[in-house]
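Student: Protein chains in written order, with the numbering used here: chain A, 1 to 186; chain B, 1 to 186.
Think of the hints as simulated: they come from the structure by calculation, not from any bench.
Errors might be hidden in some of the hints.
Only pairs whose alpha carbons sit at most 20 Å apart, straight line, appear in this in silico EDC-like list of lysine to aspartate or glutamate [stated by the list, open to error]:
#1 121/A / 159/B
#2 121/B / 22/B
#3 51/A / 113/B
#4 51/B / 116/A
#5 51/B / 110/A
#6 121/A / 53/A
#7 51/A / 116/B
#8 121/A / 113/B
#9 121/A / 60/B
#10 121/B / 113/A
#11 121/B / 116/A
#12 121/B / 159/A
#13 121/B / 22/A
#14 121/A / 116/B
Protein chains: 2
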Amino acid sequence: MARWEPDAAGRLRAAALDLYVDQGYEQTTVAEIAERAGVTARTFFRHYADKREVLFAGSDVLVARMVEATVTAPADATPLDALGRALDVAAEMFGDGHDHSSRRQRVLHDNPELLERELAKMAMLASALAGALEQRGVAPAAAEMVAEAAITVFRVGFDRWATGPGTLSLQETLHEALAQLRTVVG
Amino acid sequence: MARWEPDAAGRLRAAALDLYVDQGYEQTTVAEIAERAGVTARTFFRHYADKREVLFAGSDVLVARMVEATVTAPADATPLDALGRALDVAAEMFGDGHDHSSRRQRVLHDNPELLERELAKMAMLASALAGALEQRGVAPAAAEMVAEAAITVFRVGFDRWATGPGTLSLQETLHEALAQLRTVVG
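In isolation and in its complexed conformation, chain A is listed as follows (with noise of 0.2 Å):
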């Protein structure tokens, strides 16, 4: 059986979300997940600790690309702009998934214990993100609620791109949410 898998994390990712979009997360077990993509149980544990964690892989990479976009911004940015830099950076690497993303969410909204696992995940991206506002110098408190606001727009912008029909863009749908957060703040 052994043999070399070309990306079997993407074929496992692939297959797990469609069985949880056909029979229920609930309902799935990894063996089936390793089967559909091809490969073997002690596959799919190479890759991913359980059949939850196939549904946040990625999200380190997402969260440390988010943090250097936010680092690296130019001096002179205001600290919701160096942290606009950090939506477009999520953007970019989620933007041409739409159909992914639309079937993930969907999965999301039906198991409560996954919506309360994204929500626990944005907060620590909230987190580092207030830290790289500081390496910045921006004081803690300030640092702390311009992340979790720029957090809430893009927890809400992105599920509005992703459970909508995908006209706009990611990022276009970021930039709304931003606006409309300062309208309603302002």
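Model the placement of chain B on the given structure of chain A, informed by the hints.
Tutor: Structure of chain B alone, referenced to chain A:
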């Protein structure tokens, strides 16, 4: 053993929090909580579904009161002003319990599972407040965004108040957090 227990629910809540702080949430059993409160485990389960829910008791009342404050705000109040009333109601409900809130927050921060639950409750609260704004004629997308922003303020402000020395009142801390959001986003 069966006898009339004045405020068994309240004593169970206090006993649970004492034990969670002293010996850890994971390490505490329902039997220990009941014993410390001087009631049976059966009484515990008459009031709470499990040891996690003890920490989230009253959240339905909180949602109902915040929704009511939003819906009944003066007709000319902006969406954010209407939600400001809802925050004031929350401050009234929790403002007297700095010590309790401070210890609860410590238990939450020590247990990611509890923090996830708290985030999920806050998401439900945001959604309920968005619905309340829609009842006031606010368009759904704007209602969602301003409710999410208000809950961000509530979450950040409440945590600051509960983890801080309590020198400022909860209401003052929430007002400060809202002012800060306006500054960083404006």
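Student: Would you check the hint for residue 121/B and residue 22/B, treating anything up to 20 Å between C-alpha atoms as holding?
Tutor: violated, 25 Å
Student: Mind checking the alpha carbons of residue 121/A and residue 60/B for me, to see if they're no more than 20 Å apart?
Tutor: Given that 20 Å is the threshold and the Cα spacing comes to 25 Å, the pair is violated.
Student: Measure nothing beyond the straight line between the CA atoms of residue 121/A and residue 53/A; if it is 20 Å or shorter, mark the hint as holding.
Tutor: holds, 11 Å
Student: Does residue 121/B pair with residue 22/A here, judged by a C-alpha cut-off of 20 Å?
Tutor: Violated, at about 28 Å.
Student: Next pair to validate is residue 121/B with residue 159/A; report whether the Cα-Cα distance is within 20 Å.
Tutor: Status holds; Cα separation ~18 Å.
Student: Between residue 51/B and residue 116/A, is the straight-line Cα distance small enough, at 20 Å or below?
Tutor: Judged against 20 Å, a Cα distance of about 18 Å means the pair holds.
Student: Holds or violated: are the alpha carbons of residue 51/A and residue 113/B at most 20 Å from each other?
Tutor: holds, 18 Å
Student: Just to be careful, I want the Cα atoms of residue 121/A and residue 116/B compared with a cutoff of 20 Å; is the pair within it?
Tutor: Roughly 9 Å separates the two Cα atoms, so the pair holds.
Student: Would you check the hint for residue 121/A and residue 159/B, treating anything up to 20 Å between C-alpha atoms as holding?
Tutor: holds, 18 Å
Student: Check whether the Cα positions of residue 121/B and residue 116/A lie no farther apart than 20 Å.
Tutor: holds, 9 Å
Student: Under the criterion that the straight-line Cα-Cα distance not exceed 20 Å, is the pair residue 121/A, residue 113/B satisfied?
Tutor: Status holds; Cα separation ~12 Å.
Student: Holds or violated: residue 51/B with residue 110/A, Cα cutoff 20 Å?
Tutor: violated, 25 Å
When each numbered hint is compared with the structure, violations occur for hints 2, 5, 9 and 13.
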